[in-house]
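Chain by chain, the residues:
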Amino acid sequence: MNEPLVRIRDLVVTYKTRAGEVRAVDGVSLDIYPGEVLGLVGESGCGKSTLGTALLRLVRHPGRIVGGEIWFDGRNLLALSEEEMRRLRGAHISMIFQDPMTSLNPLQRISDHIVETIRTHKPEVSEEEARKQAAELIDRLGIMAERLDDYPHQLSGGMRQRVMIGLALALRADLIIADEPTTSLDVIVEAQFLDLLKELQEEFGLTILLITHNIGVVAQLADRVAVMYAAKLVELADVEPLFAEPLHPYTQALLASVPNIRLEGDTLKIMRGSPPDLIEPPPGCRFHPRCPHAFERCSQEEPPLKEIRPNRWVACWLYETERGVREA
Amino acid sequence: MANANLVEVRGLRKWFPVQRSFIERLVTRQRDFVRAVDGVDFEIRRGEVFGLAGESGSGKTTTGRLILRLIEPTEGKILFQGVDLASLGEEEMRQMRRHMQAIFQDPYASLNPRMKIGDAIGHSLEIFGIAKGQEKRERVLEMMERVGLTPPSILYEKYPHQLSGGQRQRAVIARALILRPDLVVADEPIAMADVSVRALLLELMRRLKEEFNLTYLFITHDLATAKYICNRIGVMYLGKIVEMGPLEKVYRSPLHPYTQALLAAVPVPDPKFRRTQPMPKGEIPSPINPPSGCRFHPRCPYAEPICSEEEPALVEAEADHFVACHLVQR
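Residue numbers (this note's numbering), protein chains in the order written: chain E, 1 to 328; chain D, 1 to 330.
Keep in mind that the hints were calculated from the coordinates and are not lab data. The model shown is predicted, which means the values in this text are computed figures rather than measured ones.
Below, a list of computed lysine-lysine pairs in the DSSO-like style, where the Cα atoms sit at most 27 Å apart:
| hint | chain 1 | residue 1 | chain 2 | residue 2 |
| --- | --- | --- | --- | --- |
| 1 | D | K116 | D | K132 |
| 2 | D | K249 | D | K209 |
| 3 | E | K198 | D | K272 |
| 4 | D | K272 | D | K249 |
| 5 | D | K116 | D | K158 |
| 6 | D | K249 | E | K269 |
| 7 | E | K16 | D | K158 |
| 8 | D | K136 | D | K158 |
| 9 | D | K209 | E | K269 |
| 10 | D | K209 | D | K116 |
| 11 | E | K198 | D | K281 |
| 12 | D | K209 | D | K132 |
| 13 | D | K136 | D | K116 |
| 14 | D | K272 | E | K269 |
| 15 | E | K122 | E | K132 |
| 16 | D | K281 | E | K132 |
Turn these sequences into a full structure, and let the hints guide you.
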């Protein structure tokens, strides 16, 4: 396989709270390859969004990256100065959030957003040329040309999210971090947006880290999927094998509790209990108190994330024997 | 035996006047209205879960609020247990409210942050003079047990911020049920919860419905979730019901092109699945000046001249399955 664009190693992000220190991301290692869509899934509070902001070194106060390494295109992000980091963010990494209004300047027309982005990336492009490119781009995004002179609040949520993708394209961003990009959209607009994103991803070979709680969205868009639970990565695999045969009991329970409109039957599997308090996480595997297969070792020793089959990573003691067989 | 319909909605309309600035008031004579609900007829049968589904701006939430009489209709009638709600005086309506309760999307917003959970659940017992003091406490503890807020005696003393999201929604459910209502209007009750908590809450709502002989109006934008709880469903678009029928019929053979698109748009948690149905163009138009004829015609792939000229009526296409579409009716 080719070289990863992003290498995350043993990343630790903590938040100081009055009740104590919360380790929101606790020793996560993950690679993102150029041209892939990596889905990062998990429930609220599992640390997936914190991981996304850590990649940009934009973890909000009182959060702090306290350990590990993040390599982007061969550079150690944690060693860069604030100024170098700002340039890198501006020119190489785009972020798309759930609410695009937070990322668009309310006082700037759509055309100006795009023109500015194009010229940031390529200062030699004339204003006029940039305007022409902006018009082509907006057409490609399925937005009518007359909307170019609108302000962000005049666009619908779906159109704003398209503009965000457009900005990433104008920037020719190496990496797009999309955090719940369709969560605020209605279902038909969401489907339209996902179709467009898929099309553009294939056309331009975009690299996308797709952070979401929506398992359906991940199934449609991702090439690989990373599953987080209680600040840890518990499973990592190509999308089809993961859905066909989830290995980690948490992944199994998560996938079984997702409503599927295509399936017959009207019962959902229920996951008992709730995620642990990250100030004092349970010892051993963090899922063991809720795990139907837990045995003694699970509450004593933390299972490491290991590649038990080619491209199948899981952090679970159940697969210790399988690994033993493979190694033997 | 009383009426099989717990609720009957007839010709219901709710138009909200659009705010105008001073200048606009001087220069324009005509007042604009948001036609949130614009001529809706349906009934909710005793003991069923009737779903109202649609995207934002379809009017589903406004319909729920009208049934609870939290807002007054512009036109039309709502019969609850055969009684026209509009005919009731203030005190009669207050008594009627015991029989209809609501669960909303955000449990945090529905709970008073300074009231202990137990007191919040039991508050209406005091308001209606049903129980107070020790008796109230006992009833609350029992209800907490039944909705899975355990251990009740400890959680009774907690404040909303000390509970998890799922626990808060359980508290809101307990508060809705403590008056033993007949109807529960649940507006996106699980939309804010995580996937695993959603499944739990759905299961809980299904169980409680049996235990307490409830009838639900389940308002949701999420058709995948609706599948797991609704018996019948009405699909709304721009203030109108475009299709209505038993859940299996509507899901298996949707008749209205909008319902077909809506069902096809739901993301499927299966990477092998590829949607083949194209999505309708554009987005929902403004409910201030909705399109003429069938409101879906500008986005409909099958639209014909008649669709922009005449509004299709909601008619029975097959037993108990209703649709408002010229093409199906032909």
